[in-house]
Structure formats: structure tokens, C-alpha cells
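Protein chains: 2
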Amino acid sequence: MNIPKSNLKRIVVIGSGFAGIQFIKNLNVEKYQIVLLDKHNYHTFQPLLYQVATAGLEPDSIAYTVRHIFEKEAVAGNFYFRIAKINKIEASTNTIFSDIGTLTYDKLVISTGSKTNYYGNENIEKFAMSMKTIPEALDLRSLILHNFEDATVTNNEVEKERLMNYVIVGAGPTGVELAGSLAELKNHVLPNDYPELDIKKMNIHLVDATDRVLVSMSEEASKNAQKYLEEMGVNIHFGIIVKDYDGTKVITNKQSFETNTLIWSAGVTGNLIFGINNTSQEKGRYLVDEHNKIINHNNVYAIGDVALMKSDVKFANGHPMVAQVAMQQGKNLANNLANTLNNKPLNNFIYNDRGSMATIGRNKAVVDLDKIKFKGFFAWIVWMFVHLVSLVGFRNKVVALINWLIQYFSYDKHVRLIIRPFKRKVFEEVTSFRNID
Amino acid sequence: MNIPKSNLKRIVVIGSGFAGIQFIKNLNVEKYQIVLLDKHNYHTFQPLLYQVATAGLEPDSIAYTVRHIFEKEAVAGNFYFRIAKINKIEASTNTIFSDIGTLTYDKLVISTGSKTNYYGNENIEKFAMSMKTIPEALDLRSLILHNFEDATVTNNEVEKERLMNYVIVGAGPTGVELAGSLAELKNHVLPNDYPELDIKKMNIHLVDATDRVLVSMSEEASKNAQKYLEEMGVNIHFGIIVKDYDGTKVITNKQSFETNTLIWSAGVTGNLIFGINNTSQEKGRYLVDEHNKIINHNNVYAIGDVALMKSDVKFANGHPMVAQVAMQQGKNLANNLANTLNNKPLNNFIYNDRGSMATIGRNKAVVDLDKIKFKGFFAWIVWMFVHLVSLVGFRNKVVALINWLIQYFSYDKHVRLIIRPFKRKVFEEVTSFRNID
Numbered sequence: 001m002n003i004p005k006s007n008l009k010r011i012v013v014i015g016s017g018f019a020g021i022q023f024i025k026n027l028n029v030e031k032y033q034i035v036l037l038d039k040h041n042y043h044t045f046q047p048l049l050y051q052v053a054t055a056g057l058e059p060d061s062i063a064y065t066v067r068h069i070f071e072k073e074a075v076a077g078n079f080y081f082r083i084a085k086i087n088k089i090e091a092s093t094n095t096i097f098s099d100i101g102t103l104t105y106d107k108l109v110i111s112t113g114s115k116t117n118y119y120g121n122e123n124i125e126k127f128a129m130s131m132k133t134i135p136e137a138l139d140l141r142s143l144i145l146h147n148f149e150d151a152t153v154t155n156n157e158v159e160k161e162r163l164m165n166y167v168i169v170g171a172g173p174t175g176v177e178l179a180g181s182l183a184e185l186k187n188h189v190l191p192n193d194y195p196e197l198d199i200k201k202m203n204i205h206l207v208d209a210t211d212r213v214l215v216s217m218s219e220e221a222s223k224n225a226q227k228y229l230e231e232m233g234v235n236i237h238f239g240i241i242v243k244d245y246d247g248t249k250v251i252t253n254k255q256s257f258e259t260n261t262l263i264w265s266a267g268v269t270g271n272l273i274f275g276i277n278n279t280s281q282e283k284g285r286y287l288v289d290e291h292n293k294i295i296n297h298n299n300v301y302a303i304g305d306v307a308l309m310k311s312d313v314k315f316a317n318g319h320p321m322v323a324q325v326a327m328q329q330g331k332n333l334a335n336n337l338a339n340t341l342n343n344k345p346l347n348n349f350i351y352n353d354r355g356s357m358a359t360i361g362r363n364k365a366v367v368d369l370d371k372i373k374f375k376g377f378f379a380w381i382v383w384m385f386v387h388l389v390s391l392v393g394f395r396n397k398v399v400a401l402i403n404w405l406i407q408y409f410s411y412d413k414h415v416r417l418i419i420r421p422f423k424r425k426v427f428e429e430v431t432s433f434r435n436i437d
Numbered sequence: 001m002n003i004p005k006s007n008l009k010r011i012v013v014i015g016s017g018f019a020g021i022q023f024i025k026n027l028n029v030e031k032y033q034i035v036l037l038d039k040h041n042y043h044t045f046q047p048l049l050y051q052v053a054t055a056g057l058e059p060d061s062i063a064y065t066v067r068h069i070f071e072k073e074a075v076a077g078n079f080y081f082r083i084a085k086i087n088k089i090e091a092s093t094n095t096i097f098s099d100i101g102t103l104t105y106d107k108l109v110i111s112t113g114s115k116t117n118y119y120g121n122e123n124i125e126k127f128a129m130s131m132k133t134i135p136e137a138l139d140l141r142s143l144i145l146h147n148f149e150d151a152t153v154t155n156n157e158v159e160k161e162r163l164m165n166y167v168i169v170g171a172g173p174t175g176v177e178l179a180g181s182l183a184e185l186k187n188h189v190l191p192n193d194y195p196e197l198d199i200k201k202m203n204i205h206l207v208d209a210t211d212r213v214l215v216s217m218s219e220e221a222s223k224n225a226q227k228y229l230e231e232m233g234v235n236i237h238f239g240i241i242v243k244d245y246d247g248t249k250v251i252t253n254k255q256s257f258e259t260n261t262l263i264w265s266a267g268v269t270g271n272l273i274f275g276i277n278n279t280s281q282e283k284g285r286y287l288v289d290e291h292n293k294i295i296n297h298n299n300v301y302a303i304g305d306v307a308l309m310k311s312d313v314k315f316a317n318g319h320p321m322v323a324q325v326a327m328q329q330g331k332n333l334a335n336n337l338a339n340t341l342n343n344k345p346l347n348n349f350i351y352n353d354r355g356s357m358a359t360i361g362r363n364k365a366v367v368d369l370d371k372i373k374f375k376g377f378f379a380w381i382v383w384m385f386v387h388l389v390s391l392v393g394f395r396n397k398v399v400a401l402i403n404w405l406i407q408y409f410s411y412d413k414h415v416r417l418i419i420r421p422f423k424r425k426v427f428e429e430v431t432s433f434r435n436i437d
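Protein sequence lines correspond, in order, to chains R and X. Using the numbering used here, the letters of the first sequence map in sequence onto residues 1 to 437. Using the numbering used here, the letters of the second sequence map in sequence onto residues 1 to 437.
Bear in mind the hints are in silico, worked out from the structure with no lab data behind them. Hints may contain errors.
What the hints assert, rightly or not - Listed below are several chain X residues computed to face chain R (Cβ distance under 10 Å; list not exhaustive):
| id | residue |
| --- | --- |
| 1 | G77 |
| 2 | E149 |
| 3 | D150 |
| 4 | A209 |
| 5 | T210 |
All C-beta atoms, glycine included, are put in the ideal place defined by N, C-alpha and C.
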């Protein structure tokens, strides 16, 4: 990988998500040589991916290059970044094998986050859309817009129904925010773009196996979010378990749905790397001790979504896979490495849950804080403020804010460009609508 | 194509560039049924493509969806847009054959613009990068950024040289603006991103067969632009004819260049459609009369880059292939159709050349107007103003302006995201840099 030898201990970090970034930012970078590996050259602000998918924002507002984030550290000389795909870890020799060569480490920090969990259903994995990365969000955007273009061309009513139906599986924050955003497209944007289509026939189905939306939030938040969604025209179905999908029809334990677009936001699982032994894993995540060290290892750590910690009393089944946990674990691990250098005792990780929030549409959001829960316009302002200040970089904040302001006043979502048409993985054409005039 | 029958005459327009858009915008839309076909769902502001390629702007600033441009016309009910690839025109039966079906027309307007001209050199076509569309500009951006990522990994000096050398063929406005923009990356952005690399070793070669840059502008503008480029560190080579390129080495009539990235801006040719007979073509463009009607046809018109008109006395060899000509021809044709309806005489097309301009870098631009030529900061402000007001849509203007302001004050170009790594068309890997540590 062309990383120079150094007298300093080498810490290798895999993954530039919230956990990895916070870990390095809190590290005393003069004491180590740090190598960060990621398959992309940017950090993604995942909570806003749904806005990229629904034509609200371009990727440049929610992503930030890793080299820019660590410019100071790199200029100082102890920080190296490489785009790499990891093939294997060999903990016995402290070695990483990747597509750009091998690298040895003194300490390894795995912050690879999570990936979509299809629970082993291969058909769904083949045909459903997911939304964990920027390319996936852009593919979903292209598919949605292309569906409506195709709907103008066909005069087959079944095909038109499939093209205009959307089924979102999983009513967690991603599913709820995406459903709300699609409803805004339906209510404010698409009728102007497609006067030839009867956009009222567009159906947005949000289905979940449980009996409420936003099950990780308070019952009050669930109730309010559901009310908002229903007001906006989203069809919510509870107690639904999706069994199969062939690209045109969703089979569930109850009714079936005709749709060209199934969006899978029903679960995630740790993004594991080949080589860490199975006894250190549980539920698709790495089992870690109270200091985020992977059990049965001496110098390999996992932080963020990929880590499963049972020592934090309130979260004995593991922490929620959210940005706040990832950032706090990254910071705690960095502090503990400093403590080790200074012969101080280590701090056990205890998650400080600052609350959670979700936005459904303009002036419609729900916020759960420790002592207080609220909703509506003020919640929506709080949501925007928190997300704006969390975006990395001044320019990203300004560009996102400008886009939101213009959307707010114009009731429009502007980035409806189909730059790269989405090609379905398996077959090129579900629909066939060749006809004369 | 599912276009409803109408009592109105049907005008089909192929291509949503400057010419096609202006034509429809100036048409009395109540008198016709208008069908616009394009392979993309957006209009591209091509003069700023080089900024997308060099990480200055995202596509959403320089593109605008066709449906948004013609929202009013579509709601009124006489305008239809379809994403389509045209296979053939059959003028004898007034029929268009496309990937989404066939369509008959009463009048056909071809505004398909131009495409890159490789002058029959298949190797160059295979291995060179071009920049006529947004996907091409994004590919070039990905390749440039990936080159530097790869350069950090290799310790083979020849490979590193190839990755850090850029050869731009053709010193017209595109080549000059791209060279200037690459020089800004070299001087202000890349040294911070890649402290491990010696960015001084990056070479930007601008080569041209003639003896000056911007040959379509005044000699004064050429001289000033050349001086600016040289100050910024661009190597300019005149009298160079590129003979061959294999993805690593450029062969010319004089010296050769080792480079992974050859950017071809040496010429364009009309984007012809199969079916219009050869006697109506010359130099890769459709021969048109003084009203833009294709010769030997009664109801088929060509406007913009794809049209070759010899009747305009000052431009007996054809008009320059620029936006101004395209827009004026579109407008003139629309007015002439109105004149026909009103039994008024037709207006011959006469190009009103308002001047030309090019920007090389911050505070560095050249402007040729009819009576006056100027350069420097004021020219640069004029360039920015003209391009900002020409962008379609309020939001695009605001987002581009914000980006330019932040770039101006930060000396930075922010959209350095490699969203989709560029895959070279022919072989996956020119370079091979596997090594241990």
C-alpha cells in the first residue's frame, strides 16, 4: 500500500463512517501512524440519504471527502488514507489483505458500519432497492423518475399501476422519512411534471411487521408520525411480513402488492470482514468488551454499528445502530488509548442517549428527548437545525440550507435529473411497452 | 409512444439542447401539438461541463429537467416529452423509429447538436476522455481523482508520472478552460489533499495543431489567454498533431507524452440520425437553406450545431457550433412558422454575433465584443455574470453562485467525490501496483 515505515505504532482504521472519523479526530495523532482505509473517498452523512433518493439534495451536500476531513493530520505527516477493498484480516500475524496490497498493524479498529439485512431472502436481495450508500440512493432516484417516464409511455393499465406503486418495507426512521418524502413528491412535484398521468393513482405503501411506526421511539412519537403520514396519503399496513418479490409482485403473509419498486428498509446487520473468528461474533456483529475490544483479541477493536457490546446495563442486547452510539464509541476508544499511554485507568463505554427524532414532511417532525417530547413545526425546525450543524463542512451546510429554503418556498424538489439510468441487477426490462403512437 | 391523437399539426423536436429549447419556447404552442424527444430527461448547460469535470460544480447546477422547463406548456395540454433513443427517420412516410416505438410527424425539427469528432482514429476514441455530456464529465472527474489516489499507492515512478500527467488535445474554449481549471486544482487543491505526493511533478499539457490558443477569438485574446495559462503552469505545445494513443502513451508528429489521461477536445461533428439521405449532408452536418429547412426535404428542419447553412454571407462555410447560433436559429425557425401561419414572408437567418469569451482561472478571463476587447478581473466578472444569468432556473443560479463564491474565498473546489469510479472502456487496469506495505 506504499505506507512508509515509521517509529510510531501503526493504527489501521477500516471505514470512514461516524465511528471511524470520530475516533481519529479524538486521537492524539502525534503518537501514532494512522492509516484509514475505505472503499469510497468520502464520508457519507447517512441520515440524509433519503433526500438524495427523492430528488431533494445532490450527494455533494451530504458527503465530504476523507482527505479534506483529515487535511491537517495528513499535512502533519502521520495520517494516510487509501481507497481499498479489504479481502481478509489475519489477526495471528496482524495483517490486512486488500485489493491494493497487504498492510500490517499494531492496532486495528474496525468501523465498517452496517449493511442491508435481507434475512437470507435471495429474491428480495436481487430485486429490492436499498439505501445504505450514495450510489444506492442515486439508483433509487433514477428508478423512481424513470418509472414515471415509463408510465407516460405505456397504455397497459397493470404496468402503469406497477410503475406508480411504491412499497417500503420497514417503518423505522429510514422507511418513515422516505415515505414522507415520496408523499411530498406525489402531492407537490409530480402533478406538475406529469400532467398526462393521474398522479392520484400513485400509491405509497409503508409496511411493517410490528404494530407501529418508529418502534424505537416513544408511543407518542409513533402515533403522531403515523397521523402525519396518513394525512399525507401514505398507506400504512401493520403485521405484514414480506415473503417474496419477483420484481413485479410483493408476496406477504397477508395481501400482495403489484409494484416495480420495493424499497427494503427492514433491517441492517454488521458489515463483517472475513478472518475474525466466529466465536467473536453474534447476531452479525463483533462481540466487544466494555472498551470496544473484540473478545478473544488483544489489539483489534470494533466501534459503531458493527460492534455488539453487552456490558452497558441499559443496553444489554446491544446498542441501537445509530450515529450517536458510533460517534461516542469512537471518542471513548480514542480517549482510552490516551489513558493507556498515560497509565490511567480505562473508561467503560456508557451510551449517553440524547434522544431521537424523525421528519415526515414540511412542518411535520417528531422529537423524543429525555424529559420532553414534541412534534410539528418546532420539532421540524429542531430536526433541520440538528442535521445542518451535523453536516461536515461550511459549504455543505450552506448548500443544504439553500436547497431546503428553496424547496420550502417553492414546494419543489429540484434535482430530478436521471444522470445514470438504473439498470436492474437481474433483468433489463420488467416492463415492455412498445406500441405505435 | 402513447402520444394522443390531436386535430393540431404535430411538430416533433429531437434534442433538448439550446436550439430545441429556444425553438419551442418561441413557438405559439396553442397552434401545434409538440413532442420533444431526448435521450436524457434534462437540458445540459454545456459551457460549464468543464467545471463538473474538475470538481467545481455538481451536475444539478448546470442541468435542468425538460419537464420543468416546459411545465406550463405541458399543463396546457399540447406538449409531450419522451425519453427516447432514435433509431431511424423515414422521411418518405414522416415516421420516426425509436426504442419506445414509432411516431409520425407533420414537421420534424432536428436539434441533436454535436458529438466528439475523433476523425476516424479508433484508438483515440477507445482510450481518450471526452466531455460532451454530464456522464462523460463525471467520468473524467472520477478518473482525475482516482489517478491521484492510485499515485499514492504506487512506487513505480513511470506509473506515477503517467497518473500525474494530463494531455488536453485542442486549445479551443473547452481545452483552455479545462487546462486552467486543472491548473487551479494543481496549484491550490491537490497539495493539501495529497501531501505525500510531489504535486509539482503534475504536468498539464495543452496541445494544438495550430499556432495559437482560442483560434476562434481575436489574436489579442489568444495572446492573453496563453499568457494566463503559462503563468498558471500549463505547458502549451503548438503544431502538434496527435497520431495515436494506447491508454499510456500519446504519439504525435513531434514528441510523445506518457499519460493515463488524454482529454480530447479537438473537434466536434454533427450528431446525425440514420435515414436522412446523404445528399443533404456535408462535413457531418445537415445542409439547410436560409430558413433551416434541410435541402431536398419539405418538412424537416435542422437547427444548431447539426445544421450547416451557407446562405449567411459572413459565414459561408457554416456557423460556429456555439450556443448563440443554436438559440438564434431556434427562435428564427419558430418565428418563421408563425409567419407561415399568418401568410407573412419568411425571415432569412442571419447570425448576430454578440462576441465570445473564455475564462482561464480566478480573475483571469478574455472577452471579445464587437468593438471592444478586454481581459482580467473585469472580464472574469463579465464571464461569471453572463454564465449565471444564462443558467436555467433560479435555484441553479443560486447554487452555482454560492459554489463560486465559496471557491473564490477558500481557493478550493469541493465536489471531489468519486461516486462512481470510472471504468475504462477497454481494459480494467492500465496500472498494476500491488506491493507489500
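A quick look at each hint next to the structure:
no., hint, result
1, G77, "holds, 7 Å"
2, E149, "holds, 5 Å"
3, D150, "holds, 9 Å"
4, A209, "violated, 33 Å"
5, T210, "violated, 35 Å"
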